[in-house]
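Asks: All chains, full assembly: derive it from the sequences and hints.
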Amino acid sequence: MSVSAASPDSQAGEGGCFVYVLGSSHKGRVITYVGWTLDLARRLAQHNSGTGARATRGRAWVLLHSERFTTRNEAMSREWHLKRDRAFRKQLTLAGKL
0 MSVSAASPDS
10 QAGEGGCFVY
20 VLGSSHKGRV
30 ITYVGWTLDL
40 ARRLAQHNSG
50 TGARATRGRA
60 WVLLHSERFT
70 TRNEAMSREW
80 HLKRDRAFRK
90 QLTLAGKL
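Its first residue numbered 0, the sequence shown is counted upward by one per residue in numbering that gives the first Met the number 0.
These are computed hints drawn from the structure, not numbers from a lab.
Just so it is clear, the structure is predicted and the values come from calculations on it, not from any experiment.
Glycine included, every Cβ here is placed at the ideal spot set by N, Cα and C.
Please note: incorrect hints may appear among the correct ones.
Okay, derived cross-link-like pairs now, SDA-like style, lysine to any residue, Cα gap no bigger than 20 Å in a straight line [said to hold, decoys possible]:
(1) K26 <-> R53
(2) K26 <-> G49
(3) K89 <-> H25
(4) K82 <-> L37
(5) K26 <-> W60
For each label pair, taking beta carbons as the anchor points, the in silico distance ranges come out as [what the hints assert, rightly or not]:
(6) K26 <-> T70: 34 to 42 Å
(7) G27 <-> M75: 28 to 36 Å
(8) A52 <-> H80: 13 to 21 Å
(9) K26 <-> N72: 31 to 39 Å
(10) G14 <-> G57: 30 to 38 Å
(11) L37 <-> A59: 17 to 25 Å
(12) T69 <-> S24: 30 to 38 Å
(13) A52 <-> K89: 15 to 23 Å
(14) R83 <-> R28: 14 to 22 Å
(15) T70 <-> G27: 33 to 41 Å
(16) G14 <-> A44: 16 to 24 Å
(17) T70 <-> S24: 28 to 36 Å
(18) L93 <-> R71: 27 to 35 Å
(19) T69 <-> H25: 31 to 39 Å
Replies: So this is what it looks like as structure tokens:
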């Protein structure tokens, strides 16, 4: 598995798939969302415009973390693990990135 850290402004033209963690403050608590995409900037814009996943509508989201993978299967596997790793997501929110 090849993993590399990705900056929030990574483009789809670079190839590969991205797994990302979004964060949002809502009613005094922090909410996280984990997903995967081919185009990180486009997907974040979709979430913030209300055309993303139903769970992300109506909130302002910021990118907390992203990873780049060479295949879709690797990205989907990592997404599955991140969705179950609450400690990691909590650590991201406590790091003051929100």
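Asks: Looking back at the numbered hints, which does the structure fail to meet, lowest number first?
Replies: Hints that this structure does not satisfy do not exist here, as all of them hold.
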